[in-house]
Amino acid sequence: MKKLFLGILLLLVAAAFYTMLTATDRASEVPVITWRTDTNPQREEQIMLFREWLVRNGHIQKDKDGKPVLYTQEEADALNAHYGVKPGEPHSVKAGDKKPNGNVVAETASNQSTLIQAVSGMAGDIVDTAEVLGYQQMGVGVPLTEDANKNGYGLNTTYPGMAGLLVGMDGEQYAYPCNGSSATVWINMDTLNRFGVKEIPEDWTPEDFERIGKEYVMRANEGLQRQEYFFTQSLDSGAGVSLLTNIVRSKGYDLYNETLTRCVADNDIFKKYIKLFYKWTYEDRLVPNAADVASMSTESGYGGADFSNFISGKYAMVVTGRYCLIRFREVQDEKNKALVKEGKEPNFRINFATRLPPQYEFKNFIFGTRAAMFYRGSKQPELAKLFMQFLASKEYNRYIVERGDGLPPNPSLVMEELKAIPKTRPNEGNVNLQEVEWAMTIGIPGNFSPFVKSGSPNWLQSSINQYFNNRMTLDEAVKNIETRYNMEIETSKKANPRMMEAWKKDWAIQQKIDEYKKAGRKIPAEWIKNPFYLKYYREKGMLRESTPGEKK
Amino acid sequence: MAFNKKDAKDCAVGIGFLLPNILGFMAFTVIPLVMSIYMAFTDWNLEMHNYFRFEPIRFVGFDNFIKLFTDPDFGQYFGNTFFLMIGIPFGVAGSLVAALLLNWDFNGSGKRRIWTTMLITAVMIASAGILVCLGMGATAMTLLMVSLIGGVLVIGSLGGKTVYRTLFYFPYFTAGVATYILWKKLYNPLTGPINNALRPILEALNPVAILIAPACTAIGIILLVFVGLFFLSMVRRKLRLWRDGECGTLSAWLGIALLSLPLIFSWSWCSPSWKSMVEYNAACAVETARPEVLVNVSTTNPNPVWLLVMAIAFLATGWGFAAYRLSRGRKYNCIPDRAIGDSAIVDGSTMVGLMAMVGIACVFWVLPQMVLQTNGQPTPDGLTPPQWLADYYWAKPSLLLMGFWGAIGSNNMLLYLAGLSGVPQELYEAADIDGASPWQRFWNITWPQLSNVTFFIMIMAVIGGLQGGFDMARVMTQGGPAGSTTTLAYYIYTQGFGTGRLGYASAVSWLLFLLVFVVTMFNWKFGNRYTNE
Amino acid sequence: MKENSKFLTNFAKLFSLNVVLTLMAVLLVLPFTWMILASLKMLDEIGYDTWLPEVCQWHNYRDVFTMKGIFFGRWYWNTVFVSAWITFLQVFTSSLAAFSFSRLQWKGRDKVFFLYLATMMLPGLVMMIPNYQNMIRLHLVDTYTGLILPGAFSAFGTFLMRQFMMNIPKSLDEAAEIDGATKWQLYWDVVLPLARPALVTLTIFSFIGSYNSLFWPLVLMKSPDKYTLPIGMLAFDSSQGQQTNLLMAAVAMSVVPMIIIFVAMQKQLVKGIMLGGVKG
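Residue numbers (UniProt numbering), protein chains in the order written: chain A, 1 to 552; chain B, 1 to 533; chain C, 1 to 280.
Since the hints were derived computationally from the structure, they do not count as laboratory data.
Positions of the beta carbon are idealized from the N, C-alpha and C atoms, including for glycine.
Misleading hints may appear alongside valid ones.
Stated by the list, open to error - If the Cβ cut is set under 10 Å, some of the chain A residues that face chain B in the computed set are:
#, residue
1, Ile47
2, Val119
3, Gly134
4, Ala290
5, Asn351
6, Gly404
7, Thr424
8, Ser456
9, Gln466
10, Arg484
11, Asn486
12, Met499
13, Arg544
14, Ser546
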């Protein structure tokens with residue numbers, strides 16, 4: 001007994017030592033930053049790119065005498081193996097290359113874990129998030145404005161509309177985008193042409209969408225026992241929400257008011273277009289309903305089932321972001337490889353075009369970002385800032401453009417490359433340049449309010465879902481959207497005195513805005529917090545721009 | 001209360017042995033407990049109170065609890081927690097059956113066992129031969145199933161009880177993230193083996209369903225009427241027990257209240273969600289769903305008001321009868337809470353069974369819409385297998401099914417086995433002399449003898465059920481679709497760790513504790529009453 | 001003749017019983033069968049009606065270990081390491097406490113024991129949030145120590161051991177006392193060896209419990225190379241879950257230790273549960 005006990009104890013102690021010894025050595029000779037991000041094999045490539053960038057910009061590891069440290073053959077092999085590249089391939093290293101003076105380790109975790117670790121001082125150095133505002137309010141961000149402007153990753157280097165997603169409530173910049181995500185309509189021209197639809201107008205309204213869609217769906221499903229072809233993906237989804245936002249915004253409405261202090265969805269415009277979506281789904285059958293989606297057997301990969309249906313021709317178009325190019329090119333390459341195997345010419349390609357989502361007078365384009373936030377608990381602030389600088393660099397942006405992983409964060413550096421793509425990939429139509437141009441000119445972030453917590457449900461989507469499934473009437477659904485979001489606002493206000501203060505201030509401004517609007521007076525631009533209204537009013541000439549001297 | 005030197009020394013030694021445990025107990029139970037009570041009454045929010053930001057924590061009194069009860073979703077999550085507990089009686093019944101089977105006399109002589117094995121092997125070979133002759137042997141699936149069944153049978157008959165017990169115990173033993181992921185794949189609507197197996201079966205059943213579609217409404221009604229009649233007969237049983245002084249007044253009312261629930265439910269099930277289910281299925285089934293069709297479907301269906309009248313009629317009869325009987329007085333008196341355990345377990349389980357029957361009636365109700373269009377033509381898809389975890393209505397039943405799989409061969413089975421071995425054999429011998437049927441033997445000897453085990457199992461299961469659902473929700477459904485699998489435990493997690501509202505999350509935890517506490521107190525107070533009968 | 005017919009009825013009974021039990025057992029084991037077979041398929045074959053792979057892809061099992069971002073081997077080791085430590089500590093502290101509660105006489109003993117029992121009723125979630133706050137304060141977030149310590153003390157284990165130790169005859173204590181044994185010797189040399197079935201049962205329970213524990217590691221651990229299997233599997237499922245065949249290979253491998261332990265110790269375990277349960 002005694003021997004057994006002691007034996008086990010010894011074994012356990014030995015195991016503990018073994019575990020300690022084999023734990024990945026974080027105490028490396030160069031500074032290492034951790035990058036909280038999503039799971040994606042491309043992150044590793046981006047890290048390799050960063051290492052190269054460091055070397056190229058002179059951030060190299062030096063020995064005691066100030067001479068650069070070089071890779072030995074062994075180290076080079078190990079590194080190549082670690083990142084899964086063969087010697088000689090792009091981004092690989094060879095013996096004799098200089099070593100960068102820093103490294104990045106990518107870490108992935110669920111949102112819940114990231115949040116809890118971020119507030120505990122444990123979230124590494126760079127945190128990728130779509131919720132900069134939320135994190136800033138928790139005090140886990142560090143204001144970067146000055147540093148960013150000095151080192152070339154300030155707000156002016158990225159899209160004008162992006163500011164709202166990178167700036168905290170105090171007006172300071174807290175993050176720099178890793179990429180931009182967008183919601184564009186991708187049209188498979190081959191599918192459309194097959195059923196005799198030749199053209200999609202450059203500027204199209206929901207009425208055009210309905211007219212063309214009806215014609216297309218009728219022709220495509222002729223003689224089929226059950227409908228198999230649809231105009232686009234289900235609108236009971238995130239894409240539906242984005243499309244709805246486009247449409248109501250083009251009519252001058254938004255989910256939140258000018259100061260983002262209240263949800264104002266309970267109105268006829270929201271009702272009208274949610275009803276229209278219902279009509280498209282259940283009456284005109286332009287888009288599939290839940291049962292149709294379920295009966296379409298698709299494997300879902302990167303880009304989701306909707307994108308697979310788009311490629312296979314079940315959907316004539318799909319609302320998605322530029323990141324789908326990755327999957328799209330993969331599919332194309334696979335098919336062509338198969339053709340080569342069969343001894344045929346690899347000439348398979350899908351021709352497609354992009355359009356703005358159908359909308360009315362005020363043209364708008366929704367984008368978002370996965371922003372890299374500088375974390376306050378960072379142990380390596382210098383390297384972390386270099387990383388931000390890297391994100392704004394030409395190398396990184398060119399990489400994003402080439403790989404199709406979203407919109408480049410610093411587009412002005414890579415306009416040439418974007419323009420060059422149509423020549424190398426003619427079938428990709430205008431997707432490469434067009435989205436960037438839209439983002440530059442009419443891009444506005446999606447719905448957000450600093451008073452609605454990032455973790456709260458998407459009530460807009462779930463209310464549409466409830467209406468579609470007859471669990472709510474249209475009136476109830478729209479009312480539900482408004483009350484639910486306002487309840488969220490109420491909760492965050494009550495939970496946080498600082499928030500309450502900010503809300504009260506904004507709410508007072510909102511009253512003044514309402515008065516001004518009623519009186520037909522011009523509204524001071526700095527009052528408007530909602531990026532949509534800011535742009536909308538500015539275009540309508542309803543704003544009084546503040547002169548520099550007037551600014552408080 | 002003299003505390004002399006020896007006492008002190010004893011105490012020191014006692015505490016000394018306890019010390020390692022008590023330190024951990026303090027650090028990881030008592031201190032967090034106190035903190036959590038404190039938190040529940042404050043506005044502790046990670047947004048303001050964290051590693052980087054220390055703002056004064058405010059005491060907010062009962063605000064968190066008030067918010068909890070005014071939270072429009074809380075009711076749903078609460079309901080989900082209880083819905084998932086419906087599986088408990090089924091699981092317990094399953095383990096009882098398994099234990100009874102395993103307790104059967106296996107102690108045949110070695111000779112007999114070898115004989116059995118030989119016979120089984122012969123039968124297996126013969127059946128495999130027949131299969132091959134019929135031309136089915138060619139399909140790999142058939143061979144796989146035959147060899148699986150054959151293998152278990154041969155090993156089982158050779159190894160006896162232990163082999164089966166081990167196999168039964170497997171699912172429970174391995175339950176965790178790994179098996180949840182496994183089930184997630186099994187439930188995959190497109191590529192999962194469950195739907196792969198169901199599709200041909202449903203296809204074959206489709207003509208039958210079309211054939212009986214006109215009668216479905218009638219079957220549904222018959223089932224509901226049966227539920228009503230069963231309710232009445234159970235009320236009668238309860239009142240008879242009451243009259244004979246075997247059941248207290250309080251227990252009688254509790255039992256009747258429990259038994260009434262399925263009838264109340266049958267209507268509420270029919271009206272809002274059932275109606276929408278009909279419409280939903282109709283919308284899916286008809287090729288072009290037009291609003292007028294939707295209207296037609298809902299109006300041609302039996303009016304829920306009609307069902308309401310039926311349910312109320314049954315309820316009124318039952319309750320009226322009960323009130324009449326109870327006002328008439330009885331032969332033998334007893335304390336009000338006598339046999340309250342019987343009410344809780346027998347009537348509770350009956351209630352769950354009746355609920356299931358209402359559910360089946362519901363299936364018959366929507367069946368015609370699934371196979372027939374409004375114009376009387378068959379639908380193009382026919383009967384389609386469910387979407388399981390992806391479907392709002394199927395997600396919880398899917399989890400229940402999985403839970404049942406794990407619950408049959410659980411610790412409960414072992415406890416029942418232990419209980420069975422403790423039943424005095426003389427009782428059975430006496431029953432044999434009286435010529436009792438196996439059924440009578442079970443109800444009059446085994447079941448009462450096992451009552452303490454049953455009670456213990458039930459209480460532990462209810463406590464576990466109230467706190468459960470976190471792992472499943474986190475791994476399989478993320479609490480969805482539309483919150484249909486979010487239990488209180490998962491809600492605490494999303495509130496505490498998802499949005500950082502620690503104060504609020506603590507308040508929910510304490511409500512949960514209160515529930516568990518009430519159940520346990522119920523156990524302590526009334527458990528002995530039940531077991532002593 | 002009579003003998004013969006009785007033999008036949010018994011025989012038929014045994015046979016039909018075997019058949020019923022087999023059918024039940026097969027139903028319960030089917031998901032595992034599918035899991036193993038799916039893990040041997042190619043990805044394209046997963047959705048096929050037939051369960052059998054065309055050609056067994058044994059390399060799937062090897063591939064799991066070499067996947068990018070999936071440190072399967074490391075997770076395996078972490079889980080076994082953490083679970084082993086938790087089990088060791090839990091069994092040790094629980095048996096000590098149980099000895100005190102069952103074999104020693106001291107004032108207030110039963111009251112303290114009652115307190116222990118009462119905490120078994122508490123939902124673990126109540127204590128999770130403050131425990132996490134404490135871990136932050138102690139700088140134990142993302143450490144193995146933080147995983148092991150809270151699991152090292154168990155009210156349930158104490159309860160189980162105490163129930164068992166109560167049944168060991170008191171006369172042994174007296175005999176030992178006469179021989180001049182100290183309390184420690186009594187515990188170490190007399191009671192503990194006799195409490196073997198309970199020790200084994202608790203060992204299994206505690207090992208399996210910590211092997212499967214999800215909630216605490218999920219919030220506590222952040223470095224992927226320190227994950228335990230449950231959260232590792234969760235990460236696997238969310239990042240590479242589309243590769244069902246590899247996922248199933250991983251699932252199959254992750255339940256192997258539990259099956260081994262169970263089969264190896266099931267006799268002891270069953271005895272332990274039966275004894276503990278009936279007394280409970």
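Going through the hints against the structure:
no. : hint   : in the structure
1   : Ile47  : violated (27 Å)
2   : Val119 : holds (4 Å)
3   : Gly134 : holds (8 Å)
4   : Ala290 : holds (7 Å)
5   : Asn351 : violated (29 Å)
6   : Gly404 : violated (28 Å)
7   : Thr424 : violated (36 Å)
8   : Ser456 : holds (7 Å)
9   : Gln466 : holds (8 Å)
10  : Arg484 : holds (8 Å)
11  : Asn486 : violated (12 Å)
12  : Met499 : holds (8 Å)
13  : Arg544 : violated (34 Å)
14  : Ser546 : violated (31 Å)
In summary, the numbered hints that this structure violates are 1, 5, 6, 7, 11, 13, 14.
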